[in-house]
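Chain Y: place on chain X using the hints.
Protein chains in written order, with my numbering: chain X, 2 to 83; chain Y, 164 to 502.
Calculated directly from the structure, the hints in this document are not laboratory data. No experiment lies behind these values; they were computed from the predicted model shown. A few of these clues could be false.
To be verified - Simulated pairs of lysine to aspartate or glutamate, EDC-like, Cα-Cα distance not exceeding 20 Å:
| id | chain 1 | residue 1 | chain 2 | residue 2 |
| --- | --- | --- | --- | --- |
| 1 | Y | K442 | X | E54 |
| 2 | Y | K442 | X | D62 |
| 3 | X | K66 | Y | D330 |
| 4 | Y | K439 | X | E15 |
| 5 | Y | K439 | X | D41 |
| 6 | Y | K367 | X | D63 |
| 7 | Y | K367 | X | E20 |
| 8 | Y | K221 | X | D41 |
Claimed, not checked - Computed spacing ranges between beta-carbons, pair by pair:
| id | chain 1 | residue 1 | chain 2 | residue 2 | range |
| --- | --- | --- | --- | --- | --- |
| 9 | X | E8 | Y | Y266 | 53 to 61 Å |
| 10 | X | K69 | Y | G248 | 58 to 66 Å |
| 11 | Y | W375 | X | G72 | 39 to 47 Å |
| 12 | X | S30 | Y | K381 | 42 to 50 Å |
| 13 | Y | E205 | X | G57 | 39 to 47 Å |
| 14 | X | E8 | Y | G308 | 54 to 62 Å |
| 15 | X | N67 | Y | V406 | 27 to 35 Å |
Using N, Cα and C, we set each Cβ at its ideal position, and we do this for glycine too.
Here is what each chain is made of, one letter per residue.
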Amino acid sequence: MAQSEQEILEGLAEIVNEETGLDTESVQSEKSFTDDLDIDSLSMMTIVVNAEEKFGVRIPDDEVKNLKTVGDAVSFISKNQA
Amino acid sequence: MTTPSPKGTGSITAPEGAAFSRIMGVGGYRPERVVMNAELVEAIDSSDEWIQERSGIKSRRFAAKDESVVDMSVAASLEALRAAGLEPSAIDAVIVATVTHPYQTPAAAPIVADRLGIQAAAFDISAACAGYCHGISLASDMVRGGSARHVLVIGVEKLSDFTDLTDRGSAFIFGDGAGAAVVGPSDTPAIGPTVWGSEGAQWKTISQRDSWVDVREKDLGWPAIGMAGQSVFRWAVWGMAPVAQKALDAAGVRAEDLDAFIPHQANMRIIDAMIKQLKLPTDIAVARDIAETANTSAASIPLATERMLREGEAPHGGLALQIGFGAGLVYAAQVIVLP
Numbered sequence: 002m003a004q005s006e007q008e009i010l011e012g013l014a015e016i017v018n019e020e021t022g023l024d025t026e027s028v029q030s031e032k033s034f035t036d037d038l039d040i041d042s043l044s045m046m047t048i049v050v051n052a053e054e055k056f057g058v059r060i061p062d063d064e065v066k067n068l069k070t071v072g073d074a075v076s077f078i079s080k081n082q083a
Numbered sequence: 164m165t166t167p168s169p170k171g172t173g174s175i176t177a178p179e180g181a182a183f184s185r186i187m188g189v190g191g192y193r194p195e196r197v198v199m200n201a202e203l204v205e206a207i208d209s210s211d212e213w214i215q216e217r218s219g220i221k222s223r224r225f226a227a228k229d230e231s232v233v234d235m236s237v238a239a240s241l242e243a244l245r246a247a248g249l250e251p252s253a254i255d256a257v258i259v260a261t262v263t264h265p266y267q268t269p270a271a272a273p274i275v276a277d278r279l280g281i282q283a284a285a286f287d288i289s290a291a292c293a294g295y296c297h298g299i300s301l302a303s304d305m306v307r308g309g310s311a312r313h314v315l316v317i318g319v320e321k322l323s324d325f326t327d328l329t330d331r332g333s334a335f336i337f338g339d340g341a342g343a344a345v346v347g348p349s350d351t352p353a354i355g356p357t358v359w360g361s362e363g364a365q366w367k368t369i370s371q372r373d374s375w376v377d378v379r380e381k382d383l384g385w386p387a388i389g390m391a392g393q394s395v396f397r398w399a400v401w402g403m404a405p406v407a408q409k410a411l412d413a414a415g416v417r418a419e420d421l422d423a424f425i426p427h428q429a430n431m432r433i434i435d436a437m438i439k440q441l442k443l444p445t446d447i448a449v450a451r452d453i454a455e456t457a458n459t460s461a462a463s464i465p466l467a468t469e470r471m472l473r474e475g476e477a478p479h480g481g482l483a484l485q486i487g488f489g490a491g492l493v494y495a496a497q498v499i500v501l502p
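Just chain X, with the same shape it has in the complex:
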C-alpha cells in the first residue's frame, strides 16, 4: 500500500538515523544529504538500499546522484511505490 509523503519522510529519517546516528528530527525535506547532513556517498548508498527494502521501490545507481535533498528522495519513493 502506498504511503503518504509524511510517512515516507518519517521512515527515511529512521533509516538515516540508523546509518549515521543523526537525530530523526534533523532529517527534513529541504535538507541536502551532503551539505546539511554530511552524508558521504557510501552512507548514501546504504540509505538507498535500506530505503528500497523498506518502501518496496527500486532506486537505480544512476538515480542516486539526482537525490540531492531529503525531499528529492521522498518524492522519488512516493512516485515509484507500487
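For chain Y alone, coordinates are given in the frame of chain X:
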C-alpha cells in the same frame, strides 16, 4: 566419399589426481616504500581524515620504479614455498593472477617460473580483485584432476602504474604487492567448493578507462583504472554477502565454525558492511590489512592471509572464508583450511 570411422585401436589413460587439495603455505611481498595519505592529498584536494573516513586506508606500499610484477611475484613465491616446505622444483604449474603486468603478451607466469629456475606450466589469469580465489579454484581442481601435484598461485599487482593520482575516486585506493600460495594434495578436504560467477553487463563499473587501441588511435592519455565507487559499494556489500553465504553452505560450514573471514581488501567500509550483512559472529577474526596496504587487487587476500597467520590473528589449521570480487564484474569465494 565415405565418412571415416575411428581406428579404435588406442585408448586414453585417464589422469589420476589427489583425493583432496589444500593450501600448503602462503607468502607475501610488500614493497619497501610506504606512502602515507599525506603524500596523496594535495593532488585530490583532500585530507588524511577524509581518506580514512571513506576507506579506512592509512597508508599503502608503492613498488620502486624498476620493480616489476614479476619481481614481486618471485619474492612472494619464495616465501610461500618456504612456508610449504617445498623446493621450486616440486611445482608443476604457476598461475599468476594480475591485471597490471604491463605486457599484453607474454604472460608474467612463464617469466616467474624461469626466475624460480623451473619450466612448469605457466599462465596468467585476468579476474582482477577476484583473481586469487579464481586461481585457488583452478589449482585445487588441477591437483584433484591430476594435471599437477603442486601449483603455485600468485596474486600480484603494481597498481601504482595504473592509478590516476588526480582522480578523487581512486587515487588513494590502490597499492602494490604480491601474495602467493602453494596448493597441493591432501588426505582430507581443505579447499571447499568455489562459488563464482560474473556480471559482465556491469563491466564499465571498474575498468581501464580506454582500450589500448583507442589510446593509440585517438591519442588519449595513459589509461588508468577508474571505478564508480557507489555502484561498486552496493554490488560488493549487498551482492557479495549472499555469495559468501553460499560458499559457507557449499562447504557445509556454519558462520560460527569460522576462525577467519578474509574478504578482498577493497575498502574498510565494504568489509564492515559485509560483516553486518553476513551477521558474522564477533569472535571471528576479520582481515583488515587494507589499513596499511590499501587495495592491492589480486594480491589482497593472500597478503591479508599471510599477515593474519604471521601476527597470530588467525590459527594455522583454522577455517577461513575468502571472497574476491572486482572488475568484470567477477567474483569467487571458497572456504579453506589455513596452512
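(request) Decide if the proposed pair is consistent with the structure: K66 (chain X) and D330 (chain Y), CA atoms, cutoff 20 Å inclusive. (result) 18 Å, holds
(request) Below or equal to 20 Å on CA atoms is what counts here, so check K439 (chain Y) against E15 (chain X). (result) With Cα atoms ~18 Å apart, K439 (chain Y) and E15 (chain X) stay inside 20 Å; holds.
(request) Go ahead and decide if the range 53 to 61 Å is satisfied by the Cβ distance of E8 (chain X) to Y266 (chain Y). (result) With a Cβ separation near 59 Å, E8 (chain X) and Y266 (chain Y) satisfy 53 to 61 Å, so the hint holds.
(request) Quickly compare the C-alpha distance for K367 (chain Y) and D63 (chain X) to 20 Å and report which way the hint goes. (result) 13 Å, holds
(request) Take the C-beta atom of W375 (chain Y) and the C-beta atom of G72 (chain X), compute their distance, and say whether it sits inside 39 to 47 Å. (result) 46 Å, holds
(message) Need the status of pair K367 (chain Y), E20 (chain X): alpha-carbon distance at most 20 Å?
(response) Roughly 28 Å between the alpha carbons, so the hint for K367 (chain Y) and E20 (chain X) is violated.
(request) Using the Cβ atoms, figure out if K69 (chain X) sits within 58 to 66 Å of G248 (chain Y). (result) 59 Å, holds
(request) Can you let me know if the beta-carbon spacing of E205 (chain Y) and G57 (chain X) is within 39 to 47 Å? (result) Given range 39 to 47 Å: holds, Cβ gap about 45 Å.
(request) Compare the distance between the alpha carbons of K442 (chain Y) and E54 (chain X) with 20 Å, and conclude whether the hinted pair is satisfied. (result) This hinted pair holds, its Cα atoms lying about 18 Å apart.
(request) Using the Cβ atoms, figure out if E8 (chain X) sits within 54 to 62 Å of G308 (chain Y). (result) Because 58 Å falls inside the window, the suggested range holds.
(message) Holds or violated: K221 (chain Y) and D41 (chain X), Cα atoms, limit 20 Å.
(response) 18 Å, holds
(message) So if I understand the rule, the pair passes when the alpha-carbon distance is 20 Å or less; does K442 (chain Y) with D62 (chain X) pass?
(response) Distance of about 25 Å is beyond 20 Å: violated.
Checked against the numbered hints given earlier, this structure breaks hints 2 and 7; the rest are met.
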